[in-house]
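Asker: Working from the sequences, and respecting the hints, build out all of it.
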Amino acid sequence: MDGRQLRITANCAAALRRLLRGKASRKIWVNSIYISQTNAPEALVERGHQVAMMDRIYRNAVQVCVYLGPGDATSDIACAAIKELSYNYMGAIVQGPRQQSFRANYERLADDVLECTPQYPYGKLYGLFCLPWFRRYWVSELSSTSLLSLLTLTVARVVQEVALSRKATFYCGNYLFHLRNLISASDFTRLPYSKVQSNNVCAQWRSHLRYHFTVQEWIRQQEEPQRKRASGAGASAPRPTLADLLIPPALALEATRPEDKIYALHGICKRLGYAMQAPDYRKPLGAIYAETAREIIRSDRAGLDRLLLCVCESSGWEQGIPSWVPSFAGCIREWSPATPPQMFLHDRRDTRPAGDSACQFAFSADVHAISIKGRRLGTVCAVGQPWVVDNSATMLTGAHSMMPTDNNSILCLLESL
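First residue of the sequence shown: 1, per this note's numbering; consecutive thereafter.
Hints were generated in silico from the structure; no laboratory data involved.
Please note: incorrect hints may appear among the correct ones.
The calculated lysine to any residue pairs, modelled on SDA-like cross-linking and capped at a C-alpha distance of 20 Å, are [claimed, not checked]:
1. K83 to E107
2. K283 to T38
3. K373 to F363
4. K23 to F177
Answerer: Written as structure tokens, this is what we have:
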């Protein structure tokens, strides 16, 4: 670069070779190359500016190409199953003489790929969905965005690269397929598969891409109101709250830098109309999370209630996070007796005995404290173990054997997220 050799990672090199395969020439932008990855003050400023631009890049992109890795025997089997399931799904939803034949083929394929055997303890799709892309906010993978017909750029993002794209294509070894094919093949409730209610593994694969697809739908509904009115379509779904956008992925996805639990979704929040603070990697983590919690409360009448349902008090004190602010760091894959949850979603009902009245609160000048006017309803006289799970021995962390006692509860949690 600039006439000098530049060392890159083996993963980056493999992605470049795959994206350049069959191309005479291609202009590539690699985030890890063009954005300094050091912690020098000027590098942190540049990184914040670049992250703030991601929304504009994906808004103008014609296509995003996601590199999942070089692939292996298990991922090849999963990719082949994805293509077959998607093909037969499309045939089964279109009226025609072969519709029933496609439906029968789909049922047969679903039986095969979802069967848990000693060779495939989580079914055949696990070979694809166990790859790092599906569990991280950011990875050192590549996605290419065509900003102009003659110019192609490449950036490295995970959730945003797909959720904000017009079209996404996945590369895994010698296979490639579109996002819509991956979603239709992994969501067994769409057709639906006849045994979907009795097969717990079905929900697992749908959960990996449900957030990406849902965000795409929210953005499409918000940015195409004229088209919906012209077509006579019904009313669109209400805009998601900021808590809906930030809390579920914070629980389900991993990030190397805890700041990216917020900044990695900055473009999505911006597209949906939320006034988030500009990314600034020089700020303390406690300040970043406190500013986010304040915006959740201010943007939603029930925002304070939502935070009360997910804060594990004292979970972030050592990082300077106030007790009323959830620690977005951590992930359900890391939960074990040695690393308890830092944030959790409680399925509680009737949490407001006084009715649907607005909370009265005020923030301190430095945003680190909040004063809430409330009423004491009672005193906690006993506590118990709020959770018992060890995800180090489940499919979430790549375990090679099924543990039924833990697996069902984890699948239910992923589905609820």
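Asker: Compare the structure with each hint and give your call.
Answerer: Hints and how they fare:
1. K83 to E107: holds, 14 Å
2. K283 to T38: holds, 16 Å
3. K373 to F363: holds, 12 Å
4. K23 to F177: holds, 18 Å
Checked against the numbered hints above, the structure violates none of them.
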